[in-house]
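Let's have the full structure, built from the sequences with the hints guiding it.
Top line first, the protein sequences correspond to chains Y and B. First residue of the first sequence? That's 1 in the numbering used here, and the numbers climb one at a time after it. First residue of the second sequence? That's 1001 in the numbering used here, and the numbers climb one at a time after it.
In case anyone wonders, no lab produced these hints; they're calculated from the structure. Just so you know, these numbers come straight off a predicted model, no measurement behind them. Ideal Cβ positions, reconstructed from N, Cα and C, are used throughout, including at glycine. Warning: the hint list may mix true and false statements.
Claimed, not checked - Every beta carbon over 10 angstroms from chain Y, so not counted as near; a handful from chain B, in silico:
| id | residue |
| --- | --- |
| 1 | Arg1072 |
| 2 | Pro1117 |
| 3 | Leu1143 |
| 4 | Leu1170 |
| 5 | Lys1198 |
| 6 | His1212 |
| 7 | His1228 |
| 8 | Val1248 |
| 9 | His1256 |
Stated by the list, open to error - In silico SDA-like links for lysine to any residue, alpha-carbon gap of 25 angstroms or less:
| id | chain 1 | residue 1 | chain 2 | residue 2 |
| --- | --- | --- | --- | --- |
| 10 | B | Lys1029 | Y | Ala8 |
| 11 | B | Lys1090 | Y | Ala190 |
| 12 | B | Lys1123 | Y | Asn46 |
| 13 | B | Lys1231 | B | Gly1027 |
| 14 | B | Lys1125 | B | Ala1152 |
Said to hold, decoys possible - To be clear about the criterion: a stretch of chain Y counts as covered by chain B if any three or more of its residues have a C-beta under 8 angstroms from a C-beta of chain B, and this derived list gives those stretches:
| id | segment |
| --- | --- |
| 15 | 135-142 |
| 16 | 179-186 |
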Amino acid sequence: MMIAALGAKTIHDVINAGHFGRFAWRSVVTAARSCASRRTYPLVWNQMNLIGVRSVPVIMITGAFVGMTLAVQAYDQLAGMGLEEHLGTLINISVVKELGPVLAAVMLAGRIGGALTAELGTMNVTEQIDAVRSMGTDPIRYLVAPRFLACLLLTPVLIIYADLLGVVGGALVSFLQFHINSRAYWDLSAYGVDFWDIAVGVVKGFFFGGAIAVISCYKGFTCEEGAHGVGQACTDAFVASFISILALDFALAVISKNLYAIFWPLKSLVG
Amino acid sequence: MDGNGEKHGNAHEGGIIEVKNLTKRFGAKLVLDNISLSIEKGKTTVVIGPSGCGKTVLIKHFIVLVRPSEGRVCFEGRRVDNLGERELSKVRTHFGYLFQEGALFDSMTVAENIVFPIRQNYKVKNWDEVDDIVKAKLAMVGLDGFQNHYPARLSGGQRKRVALARAIALNPEVILYDEPTTGLDPIRADIINELILKLERELGVTTVVVTHDMKSAYKVADRIIMLHNGKIIADGDADHIRNHPHPVVQQFIDGHVGEDDLAVLRMTGSAGSAQFLPRDFEQ
Chain Y
1 MMIAALGAKT
11 IHDVINAGHF
21 GRFAWRSVVT
31 AARSCASRRT
41 YPLVWNQMNL
51 IGVRSVPVIM
61 ITGAFVGMTL
71 AVQAYDQLAG
81 MGLEEHLGTL
91 INISVVKELG
101 PVLAAVMLAG
111 RIGGALTAEL
121 GTMNVTEQID
131 AVRSMGTDPI
141 RYLVAPRFLA
151 CLLLTPVLII
161 YADLLGVVGG
171 ALVSFLQFHI
181 NSRAYWDLSA
191 YGVDFWDIAV
201 GVVKGFFFGG
211 AIAVISCYKG
221 FTCEEGAHGV
231 GQACTDAFVA
241 SFISILALDF
251 ALAVISKNLY
261 AIFWPLKSLV
271 G
Chain B
1001 MDGNGEKHGN
1011 AHEGGIIEVK
1021 NLTKRFGAKL
1031 VLDNISLSIE
1041 KGKTTVVIGP
1051 SGCGKTVLIK
1061 HFIVLVRPSE
1071 GRVCFEGRRV
1081 DNLGERELSK
1091 VRTHFGYLFQ
1101 EGALFDSMTV
1111 AENIVFPIRQ
1121 NYKVKNWDEV
1131 DDIVKAKLAM
1141 VGLDGFQNHY
1151 PARLSGGQRK
1161 RVALARAIAL
1171 NPEVILYDEP
1181 TTGLDPIRAD
1191 IINELILKLE
1201 RELGVTTVVV
1211 THDMKSAYKV
1221 ADRIIMLHNG
1231 KIIADGDADH
1241 IRNHPHPVVQ
1251 QFIDGHVGED
1261 DLAVLRMTGS
1271 AGSAQFLPRD
1281 FEQ
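See below:
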């Protein structure tokens, strides 16, 4: 009995994974095709405003607190070894490479992912998505592609905002609270943080943004009827986006490390 | 006989829409069971049946909003149920679909809702002409002047009429109505019936109406099909249905509760046992 239930659940999950894979593939292909169509631009522009512009304040606040908290947490350890002037290196490399992108993406998954799923889920249960299809329009092209493109293009930009505010927040706490020499702080930061580190963080944004958009849209398109169905879809979308962000972060960290070793094989030894 | 229990199913071969051996299952639940029928061009076909019998699922197959588990769907002689979404998009422009609750886009005005299918399917250069089309479509349903209203501010009947104006925006050859009079008072329901007749008369469209409102069915139908337990149990004109010998058909058109339904009600217990007082569960 239990084995049968487990088997049924496994088959169900595999089928769902297949559906999601097909949806994700169609979304990516349709979004790529949409780039060549001028009719898509106003839709993307509108989504960029909803998704990107309105997320700027919350992303900046997230970034600032990440930098400030890192400064407070790391100061004692570094000061104990007489290395407090290296605080900037630690904060800035953590912010631009890891914490800025991941926490900004998690914040976006909550803010944008929830909104996308709720909007598309409500459209689904009120047959508005079927209405789009019935009028000869592909809902993936009209509803998913603009949201996917907006998330894909703007998540890296929002990560830059989070990075900037993280750097500024960390520096302010270091200078004002811990009275670290600002020149040493910036000089050591500039030495320790490469363009590569910043680029890795920003490139992660493309993957995080794409994942958030596809997962949230899929959950909206497949949500069950009723208020409970839409609510459950929003929760599922956030959880799935969150796990995907962490998994992608790990995968991208491994890839970027190997790429770095290929392009600059001796730098880590010299540095 | 065509396997659905009625001769009339075969009497309309070569119609604009043809369904052959259509079976639809949702998980283990069988919703449509080996249905074959043909919808005659330029006529009004009404599909009746009790709630949950698969009427909506059947007409959603006509524009492949739902794909069959078995069987095939053809439009103008061409099989459509196996087409990809891109090809289906072109086929669907031949149809207008009035959804049960209207399915208007609530973030758009009435005018934007009606412009939507035009904007999506044509490269519009002359927007004045589009405004005139919107005005004409709204005038057809008696709502000219409502262009800038949002759906949330309209009554149920007005929403259905706007949805109908949107359904005819692309000058479809077939209009599918899903429960067009449900939830409306008798006068508003009759306005919708008159609109169905008017559109058939003036636009020459093929019409398929799903309803359980017999007054509406008798008024608009050239042909009535009754679904029961996923099968067609009656198929013919209004007189044929009125005099149909099948007891389920007679029970449905008379609106009487059957003995089986009453037995279920009796078995669920007396009214007394369903009543309670706070003291019953506060002790």
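Hints numbered earlier in the text: which of these fail when held up against the supplied structure?
2, 4, 11, 14, 16
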